[in-house]
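Chemist: What follows is each chain in one-letter form.
There are 2 protein chains.
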Amino acid sequence: MATRRKRDDSSTGKAPPPGRRVARAIVRRVRDGRQRVRLDNDARRAQLLELGMKVFSEKTYDEVSIDDLARAAGISKGLLYHYFPTKRDLYLAGLRTTAAELLARTDVSAIDASPIERVRHGIDAYLSFVAERKVSYVSLMRGGIGSDPEVLRIVEDVRAALVERMFDGPGSPLAIGDHRTPLARAALRGWLGFAEAASLEWLTHPDLEQATIRDLLVDMLLPTLRLALGFSLSRTW
Amino acid sequence: MATRRKRDDSSTGKAPPPGRRVARAIVRRVRDGRQRVRLDNDARRAQLLELGMKVFSEKTYDEVSIDDLARAAGISKGLLYHYFPTKRDLYLAGLRTTAAELLARTDVSAIDASPIERVRHGIDAYLSFVAERKVSYVSLMRGGIGSDPEVLRIVEDVRAALVERMFDGPGSPLAIGDHRTPLARAALRGWLGFAEAASLEWLTHPDLEQATIRDLLVDMLLPTLRLALGFSLSRTW
Numbered sequence: 002m003a004t005r006r007k008r009d010d011s012s013t014g015k016a017p018p019p020g021r022r023v024a025r026a027i028v029r030r031v032r033d034g035r036q037r038v039r040l041d042n043d044a045r046r047a048q049l050l051e052l053g054m055k056v057f058s059e060k061t062y063d064e065v066s067i068d069d070l071a072r073a074a075g076i077s078k079g080l081l082y083h084y085f086p087t088k089r090d091l092y093l094a095g096l097r098t099t100a101a102e103l104l105a106r107t108d109v110s111a112i113d114a115s116p117i118e119r120v121r122h123g124i125d126a127y128l129s130f131v132a133e134r135k136v137s138y139v140s141l142m143r144g145g146i147g148s149d150p151e152v153l154r155i156v157e158d159v160r161a162a163l164v165e166r167m168f169d170g171p172g173s174p175l176a177i178g179d180h181r182t183p184l185a186r187a188a189l190r191g192w193l194g195f196a197e198a199a200s201l202e203w204l205t206h207p208d209l210e211q212a213t214i215r216d217l218l219v220d221m222l223l224p225t226l227r228l229a230l231g232f233s234l235s236r237t238w
Numbered sequence: 002m003a004t005r006r007k008r009d010d011s012s013t014g015k016a017p018p019p020g021r022r023v024a025r026a027i028v029r030r031v032r033d034g035r036q037r038v039r040l041d042n043d044a045r046r047a048q049l050l051e052l053g054m055k056v057f058s059e060k061t062y063d064e065v066s067i068d069d070l071a072r073a074a075g076i077s078k079g080l081l082y083h084y085f086p087t088k089r090d091l092y093l094a095g096l097r098t099t100a101a102e103l104l105a106r107t108d109v110s111a112i113d114a115s116p117i118e119r120v121r122h123g124i125d126a127y128l129s130f131v132a133e134r135k136v137s138y139v140s141l142m143r144g145g146i147g148s149d150p151e152v153l154r155i156v157e158d159v160r161a162a163l164v165e166r167m168f169d170g171p172g173s174p175l176a177i178g179d180h181r182t183p184l185a186r187a188a189l190r191g192w193l194g195f196a197e198a199a200s201l202e203w204l205t206h207p208d209l210e211q212a213t214i215r216d217l218l219v220d221m222l223l224p225t226l227r228l229a230l231g232f233s234l235s236r237t238w
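In order, the protein sequence lines correspond to chains A and B. Mapping to the working numbering: the first sequence position 101 is 102, numbers consecutive. Mapping to the working numbering: the second sequence position 196 is 197, numbers consecutive.
Just so you know, these hints were derived from the structure itself, not from any lab. It cannot be assumed that every hint is accurate.
Pairs involving identical chains hold if they fit within one copy or between any two copies, as the list cannot separate such chains.
Unchecked claim - Under the rule of at most 20 Å between Cα atoms (straight-line distance), these lysine to any residue pairs were calculated in the SDA-like manner:
#1 K88 <-> D108
#2 K88 <-> I112
#3 K60 <-> H83
#4 K135 <-> N42
#5 K135 <-> R72
#6 K78 <-> R134
#7 K60 <-> G231
#8 K78 <-> M142
#9 K60 <-> D149
#10 K55 <-> R89
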């Protein structure tokens, strides 16, 4: 019956009695309030995510405690758990954002330069990016949280995206998209493994310049591409 | 007083009374028995180690249970724990043995062939070795137990030994021992990262031949060495 009365009200367009007007205003205020709370939630979540990414970029996963994070954010552990139920959740959210940032920073498709200059720029961007996150990058690549299946999936997704971009990304300077052979994939995956291993060596040995490692990686890409396209040399050695 | 009497016995060289002869025989028998038990212990431990290495080479670390191991060995869980207190202990002991085997199998110093033939032989030996342990190698390299600090140390020790051998191992076919620069180290570490990444791609994609990956790795070694010695190409591109 209550439902029927309500329908009648709205269909006739008559003004509801004062009590109902007040009730509607309250509903509206609550609804608006919920939206405001939701926006606040999103903003707070983004703040915590940013803070988490900062903390996790400076320490290894195991070194970071929820207590530290809550203290740095100036909120209670309980409130932190409300946004990120576990430390792993916050880490994964941060890692996903970091992965997207890495792919954006190393995207050279919009740069107006020669192919080799674009390759050099992209590799430099990669090296600067990992150097800014040295502790967490080394920890991630040398075990640490790297054994978590979800973490591994994010890392593997980034590798796959980088190799895919080398094949055929928009404005790829390599343009070997027509040569998607198993050998070419193994060669490009291999080059990425070279880049990661050489980056780790650079980050853990301060006697190397970024430009030296960058040139090494650029230099290694030419023979990699030649081999990816099927030109073997060693048979003739 | 008892001690004094014993000393007197030995210093005079007189035959001890019958009771003491029996006691000495018992001591001797217990001692011999202990040695026999110890030998049995060593043999049993070696058997369990071999069994563990076999089981761990076919499954990931998490897939292996102590129950499976005890059942395969035909002994109780309690007895297995006597030799290896935890699954991790057995895994680590097996990994150390496997690491030593890998270094032995890829040692080409005694092979009478041209440098490039020896390099090719060593790389083939590496690929065969990891292919025989496909599941555990992929699991080890892609996270899994790889985050355990002790596991990581063993893996890093193998990498360091392989790079050291490339520099200056006995009979190293590369002979760049005079060029131990940070750049050379980064280049050789990079090449090893290439080899690991390309091996993973090969092991997880059956459409690649071992000889194809071997030639790719041999081919990549020439530019790696040229760059390790400081000849950059990209500056002139």
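Chemist: Compare the structure with each hint and give your call.
Modeler: Cross-check of the supplied hints:
For the identical chains of this complex, K88 and D108 are neighbours neither inside a copy (30 Å) nor across copies (45 Å), given an alpha-carbon limit of 20 Å. Proximity of K88 and I112 under a CA criterion of 20 Å is satisfied in neither setting, with 38 Å inside one chain copy and 53 Å between copies. In this homomeric assembly, K60 and H83 never come within 20 Å of each other (Cα to Cα): the closest approach is 23 Å inside a single copy and 38 Å across copies. Proximity of K135 and N42 under a CA criterion of 20 Å is satisfied in neither setting, with 31 Å inside one chain copy and 47 Å between copies.
In this homomeric assembly, K135 and R72 never come within 20 Å of each other (Cα to Cα): the closest approach is 23 Å inside a single copy and 45 Å across copies. For the homomeric pair K78 and R134, neither the shortest alpha-carbon distance inside one copy (25 Å) nor that between copies (45 Å) is at most 20 Å. In this homomeric assembly, K60 and G231 never come within 20 Å of each other (Cα to Cα): the closest approach is 43 Å inside a single copy and 34 Å across copies. Within a single copy, K78 and M142 get their C-alpha atoms no closer than 29 Å, and across copies no closer than 35 Å, so neither meets the 20 Å cut-off.
Taking the shortest alpha-carbon separations for K60 and D149, both the intra-copy value of 17 Å and the inter-copy value of 18 Å come in at or below 20 Å. Only within a single protomer do K55 and R89 lie at most 20 Å apart by alpha-carbon distance; the minimum there is 15 Å, versus 34 Å between protomers.
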